[in-house]
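Undergrad: Whenever a hint applies, use it, and build me the whole structure from the sequences.
Chains S, P and E supply the protein sequences, listed in that same order. Just so you know, we're using my numbering here: the first sequence kicks off at 231 and counts up by one. Just so you know, we're using my numbering here: the second sequence kicks off at 84 and counts up by one. Just so you know, we're using my numbering here: the third sequence kicks off at 240 and counts up by one.
It is worth saying that the hints were derived from the structure and are not from the lab. From the three backbone atoms N, C-alpha and C, an ideal C-beta is built for every residue, glycine too. Watch out, some of these pointers could steer you wrong.
To be verified - Derived CB-CB ranges, DEER-like:
no., chain 1, residue 1, chain 2, residue 2, range
1, P, T199, S, E346, 45 to 55 Å
2, S, L316, P, G222, 50 to 60 Å
3, P, V127, E, A818, 24 to 34 Å
4, S, A307, E, R722, 29 to 39 Å
5, E, S723, S, F331, 50 to 60 Å
6, E, W719, S, F331, 50 to 60 Å
As the list claims (entries may be wrong) - Chain P stretches covered by chain E per the calculated footprint, using a threshold of three residues with CB under 8 Å from any CB of chain E:
no., region
7, 96-102
8, 108-116
9, 128-136
10, 208-217
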Amino acid sequence: MTDTSRVRLWLVTLALALSGCAGPFPQSTLRPRSDFAQATDSLFTDIFWWAAAVFVLVEVLLVVALVRFRHREGRPAPKPAHGHTLLEIAWTLAPAVILVFVAVPTVRTIFTSSGEAPADALKVEVIGHQWWWEFRYLDLALTTANELHLPVGKPVRIGITSADVIHSFWAPLLGGKRDAIPGQTNYIAFRADSVGDYSGQCAEFCGVSHANMRLRVIVDSDTAFGAWAQAQLGPPATPPKASPAEQGRAIYARSACIGCHLIQGVSAGVIGPGLTHVGSRTTIAGGILPNDSAHLAAWIADAPALKPGSLMMRMKPPLSDADIAALVAYLQSLK
Amino acid sequence: MTHAAHAPTAHYTSMGLDSRKMAFWAFIGSECLLFGSLISTYLVYKGRSVVGPYPHDILNIPFTSVSTFDLLMSSLMMVLALAAVQRGDMKWGKIWLFSTALLGLVFLGGQVIEFTEFVHKGLTMSTNLFGCTFFVLTGTHGAHVAVGVLWLLTLWVRALQGRLGPANAMTVEITGLYWHFVDVVWIIIFTVVYLIQ
Amino acid sequence: MKSWLTTTDHKRIGLLYFWTAFVFFLLGGIEALVIRLQLAQPSGHVVSAETYNQLFTMHGTTMVFLALMPLSASFFNYIVPLQIGARDVAFPRLNAFSYWVFLLGGLFLNASWFVGPLFKAGMLNVAPDGGWFGYANLTERQFSPGPNIDFWLLGLQILGISSLAAGFNFIVTILNLRAPGLKLMRLPVFTWMTLVTQFLIITAFPVITVGLVFLMFDRFFGAHFYVHGAGATPLLWQHLFWLFGHPEVYILILPAMGIVSEVLPTFARKPLFGYTVVVYSGILIGFMGWGVWSHHMFAVGLGPIADSVFAATTMLIAVPTGVKIFNWIATLWGGDIRGTTALHFAVGFIAMFIIGGLSGVSHASPPADLQQTDTYYVVAHIHYVLFGGTIMGLFAGIYYWWPKMTGRLLSEPLGKWHFWLQFIGMNVAFFPMHFIGLLGMPRRIYTYSPDLGVSDLNLVSTVGAFLIAVSLLVFIANLWRTRSRGETASNDPWGGATLEWSIPSPPPVYNFSVIPTITSRLPRWRTELHAPMQDPPATPPGPIHVPGGSWWPMVAAFGLPLMALAPLTHTLWLAFVGAGVLIVGIYGWAFEPFEV
Numbered sequence: 231m232t233d234t235s236r237v238r239l240w241l242v243t244l245a246l247a248l249s250g251c252a253g254p255f256p257q258s259t260l261r262p263r264s265d266f267a268q269a270t271d272s273l274f275t276d277i278f279w280w281a282a283a284v285f286v287l288v289e290v291l292l293v294v295a296l297v298r299f300r301h302r303e304g305r306p307a308p309k310p311a312h313g314h315t316l317l318e319i320a321w322t323l324a325p326a327v328i329l330v331f332v333a334v335p336t337v338r339t340i341f342t343s344s345g346e347a348p349a350d351a352l353k354v355e356v357i358g359h360q361w362w363w364e365f366r367y368l369d370l371a372l373t374t375a376n377e378l379h380l381p382v383g384k385p386v387r388i389g390i391t392s393a394d395v396i397h398s399f400w401a402p403l404l405g406g407k408r409d410a411i412p413g414q415t416n417y418i419a420f421r422a423d424s425v426g427d428y429s430g431q432c433a434e435f436c437g438v439s440h441a442n443m444r445l446r447v448i449v450d451s452d453t454a455f456g457a458w459a460q461a462q463l464g465p466p467a468t469p470p471k472a473s474p475a476e477q478g479r480a481i482y483a484r485s486a487c488i489g490c491h492l493i494q495g496v497s498a499g500v501i502g503p504g505l506t507h508v509g510s511r512t513t514i515a516g517g518i519l520p521n522d523s524a525h526l527a528a529w530i531a532d533a534p535a536l537k538p539g540s541l542m543m544r545m546k547p548p549l550s551d552a553d554i555a556a557l558v559a560y561l562q563s564l565k
Numbered sequence: 084m085t086h087a088a089h090a091p092t093a094h095y096t097s098m099g100l101d102s103r104k105m106a107f108w109a110f111i112g113s114e115c116l117l118f119g120s121l122i123s124t125y126l127v128y129k130g131r132s133v134v135g136p137y138p139h140d141i142l143n144i145p146f147t148s149v150s151t152f153d154l155l156m157s158s159l160m161m162v163l164a165l166a167a168v169q170r171g172d173m174k175w176g177k178i179w180l181f182s183t184a185l186l187g188l189v190f191l192g193g194q195v196i197e198f199t200e201f202v203h204k205g206l207t208m209s210t211n212l213f214g215c216t217f218f219v220l221t222g223t224h225g226a227h228v229a230v231g232v233l234w235l236l237t238l239w240v241r242a243l244q245g246r247l248g249p250a251n252a253m254t255v256e257i258t259g260l261y262w263h264f265v266d267v268v269w270i271i272i273f274t275v276v277y278l279i280q
Numbered sequence: 240m241k242s243w244l245t246t247t248d249h250k251r252i253g254l255l256y257f258w259t260a261f262v263f264f265l266l267g268g269i270e271a272l273v274i275r276l277q278l279a280q281p282s283g284h285v286v287s288a289e290t291y292n293q294l295f296t297m298h299g300t301t302m303v304f305l306a307l308m309p310l311s312a313s314f315f316n317y318i319v320p321l322q323i324g325a326r327d328v329a330f331p332r333l334n335a336f337s338y339w340v341f342l343l344g345g346l347f348l349n350a351s352w353f354v355g356p357l358f359k360a361g362m363l364n365v366a367p368d369g370g371w372f373g374y375a376n377l378t379e380r381q382f383s384p385g386p387n388i389d390f391w392l393l394g395l396q397i398l399g400i401s402s403l404a405a406g407f408n409f410i411v412t413i414l415n416l417r418a419p420g421l422k423l424m425r426l427p428v429f430t431w432m433t434l435v436t437q438f439l440i441i442t443a444f445p446v447i448t449v450g451l452v453f454l455m456f457d458r459f460f461g462a463h464f465y466v467h468g469a470g471a472t473p474l475l476w477q478h479l480f481w482l483f484g485h486p487e488v489y490i491l492i493l494p495a496m497g498i499v500s501e502v503l504p505t506f507a508r509k510p511l512f513g514y515t516v517v518v519y520s521g522i523l524i525g526f527m528g529w530g531v532w533s534h535h536m537f538a539v540g541l542g543p544i545a546d547s548v549f550a551a552t553t554m555l556i557a558v559p560t561g562v563k564i565f566n567w568i569a570t571l572w573g574g575d576i577r578g579t580t581a582l583h584f585a586v587g588f589i590a591m592f593i594i595g596g597l598s599g600v601s602h603a604s605p606p607a608d609l610q611q612t613d614t615y616y617v618v619a620h621i622h623y624v625l626f627g628g629t630i631m632g633l634f635a636g637i638y639y640w641w642p643k644m645t646g647r648l649l650s651e652p653l654g655k656w657h658f659w660l661q662f663i664g665m666n667v668a669f670f671p672m673h674f675i676g677l678l679g680m681p682r683r684i685y686t687y688s689p690d691l692g693v694s695d696l697n698l699v700s701t702v703g704a705f706l707i708a709v710s711l712l713v714f715i716a717n718l719w720r721t722r723s724r725g726e727t728a729s730n731d732p733w734g735g736a737t738l739e740w741s742i743p744s745p746p747p748v749y750n751f752s753v754i755p756t757i758t759s760r761l762p763r764w765r766t767e768l769h770a771p772m773q774d775p776p777a778t779p780p781g782p783i784h785v786p787g788g789s790w791w792p793m794v795a796a797f798g799l800p801l802m803a804l805a806p807l808t809h810t811l812w813l814a815f816v817g818a819g820v821l822i823v824g825i826y827g828w829a830f831e832p833f834e835v
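TA: The following block contains the structure:
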């Protein structure tokens, strides 16, 4: 971290402390954790200091003028100055010069952060859906949803597109956002510099549940990432005979679930997120709920109540509590 | 718009230009942006239709060339109408005004025939991008021609009633400005849509 | 009553604009308060997601099109003819038409709050909900099946007609109806900025009209202008919208800059410093406003070359803007500054607008913008520009010109209370939004997680919003009190330099008993070269013809919402009725005896 950004962070922290705020700020743009985020952050830091300087200059001049030239009885009428050519040229040129100092690093950073990556970069396709994320690892023939696993220190190139309306993929600690636009693929590229669990969310208004379209990026060590990918590539777990989970699979197979969801060898839906390894994910419902039995049961019973506008309708006729419990057991078994 | 017989402004005008005429030039400037946006969209979407019919399948250049010639001639009639009104020759003024409106109507008739034929050949606004951009662009132009025809006929009726004379030359001049503008826009549309495929 | 309905007097129309826009302003403010209540804490439940989306859409749409633009228009109407020594605008009936179209368009848009039952939905269910820039393809029928977006796209088309008609009118008024000797470079800066604004309006509004027409054809007639499956791209909408939208930002800010340029010299008792440069930089801002639209689209993937070009043009705009700010400070420097409420607001404009300008520079840099766009940082930016800038400037204008418009001075002590509450309130409301955005909260979300760490900042912001509301209550109290107990204003309560101060407050219907001849830029001040002008005599030397009223502008205006109802209700005959009313109105208008 550079000195200046340390000072700035300190200022921000101070402001937050004054407002009684604390916390780790999981989506802070001021805690870069990749080369891409670092580049934009140092650019912002530069601009911030230029702006701060101009701000102080203008406000000080303004206050001094107001105090020094406030109306006093007996002050002679002001001299009618209509202008001063040299002064005016000076304050036309000064901002122009400052802007050159902003523009040059800006253009440099535009070109270094334009989404180009080395050929051996891990390639992931991100597809925005109303209101969840689909992640496809092109080289690994692997698809998952809402939780993106990446290896630390490896170059990654992310292609971003959409299946319906415009969304925007944003995991602030790892870098700036790019819009997910139907019929077009935008790229970002970065190298995550530390292991961690980074949160993000859709940043372009995309309909009723725009607020509920979150995501996580889990940056693993190389070996952990390899193990995760290996597990994801395997077939779904087979529930033990006569267990609630097996009963749940039977219910799943005869319910409307199969129309939208994919579980390898069980159902082939493509509208909703794939569930082959849903038990291995930490969240459900577009990253807004923890993946535990209570939330899963509530979600299956009445998704639109938890997520307005959800395309996963209430089941008709409704499932019994016992059926839902069995389904939950089955889904949780799909590690 | 078509004012009765009185001077538009009793004021001294700072630019020495009739206020209505100046407003009309501003209006035409604004219209340029309107047609500019429509034509740009047509160009941006050119060749991006994913299903036919495509322009070369369907555009009938000889037919539309006749329409274009017709509209050009109407501009000539407009010039003659203005000249006649300005010199107080209301007999010919009436004739030329009516001819301008008539040629405008012929153009509109041509457009109706063209649109009907396209629909029969399977091109509607919802067929493909060419359909969208073509109908909205030429349709907007057609609506402008229709307004112009209505305007010209109104002037013609006023002239028949004897309420249009050299004192209203400015009204006719402004009508002419509009008519020539609509004509020029058509020349551009004809070039962009029909000639450069 | 009838005389107000048929009025073509620019002063009355100015007052109609003011009161109508002020009511819409309060409505937009109430929408903002509900938004802030919802966000006061994480996972808020004050309103549903659906209602919240309608609230922020209508808040933005209302403030931009129904409050700020028409509040500026009320000054264009009332003040510009007075500043140029004219008896009215060039086309008084067209002016009345603009007002009625604006009123009906605003009512049309806001009717959407209440007419849900007519569309088999509840109240508060069919208001527009796609955001004030309504990005396609979310606004397509497939993704927004209800009438919400229909209200929006039809309402905006109606309002566009109002602005365009006013644009032509004021361009001609300013260029053609100036008093003898009032050369262009002697025009008051407010009139200059009005002129630039009108040019922006007549060039920008056709572009959004085209965008809206495409959307209308997509939604009603199965066209595919924004449907990628047909080979189109939803980005076309963004280009068309921002080609309009960025000039629109200057349409909102330039009039306020003009007001500030009037208020500062009057109360510093010094001519505006660098008049020529201030005027030219205003013109330059107007021109450059056309070359920067894609800076709203840095995240859509335009490619590094386009990003660089638009970054450069955007940064360039900071130069003329900075020039204006330094010239304003230089105007104050060496003056004899009287701290009236109007001056407070004008200085508040400079102090707050600079913050919006500087945060603007930080998202002129595309890589930095990728972290800022669509977050609360941008919300903070636009509110510093449009509230800290435009609204501060408009209030400066209200306190400055209220005596001219009504004949009574607003209370200065209440005005100061209003200013300080509003100034503190806006900073408490909007400054934390910079942090909220930098800490990762996107805009347009009805709920946020407590884990984000921005709950307290959001609560602070909500408190600020209510402080602003209190400040407006003080302002309303001031208006109320002034009605009966305000001090009566003389012709010139402030010692102003421009023509509007040479005539009674409020001015007689003919404005100037004798049209003055102008010999300097500051006609009412003594300068090195000129003695102050002679004010026109109190009574006109001879009878002055004043145009009568007309019903036809209002009749014609009614045709437009009627036509808009046709697609909304899928009733073809309404289109013919509407067109018929419009045509009857125009013919009645064209052929009635009306002496200008």
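Undergrad: Now tell me if each hint is right for this structure.
TA: Hints and how they fare:
Between T199/P and E346/S the Cβ separation comes to about 53 Å, which falls inside the hinted range of 45 to 55 Å. Our hint of 50 to 60 Å for L316/S and G222/P holds, since their Cβ atoms are close to 58 Å apart. Our hint of 24 to 34 Å for V127/P and A818/E holds, since their Cβ atoms are close to 31 Å apart. Between A307/S and R722/E the beta carbons are some 35 Å apart, a value that agrees with the proposed interval 29 to 39 Å.
A C-beta distance of roughly 58 Å is found between S723/E and F331/S, which places it inside the suggested range of 50 to 60 Å. At roughly 52 Å, the beta-carbon separation of W719/E and F331/S lies within the given 50 to 60 Å, and the hint holds. Beta-carbon proximity to chain E at under 8 Å applies to 5 residues in the region 96-102 of chain P; the threshold of 3 is reached and the given coverage holds. Counting residues of the region 108-116 of chain P whose C-beta sits closer than 8 Å to any C-beta of chain E gives 6, which meets the bar of three, so the coverage hint holds.
Counting residues of the region 128-136 of chain P whose CB falls under 8 Å from any CB of chain E gives 4; the rule of at least 3 is met. A count of 7 residues in the region 208-217 of chain P with a Cβ less than 8 Å from any Cβ of chain E is obtained; the coverage claim is therefore met, three being the minimum.
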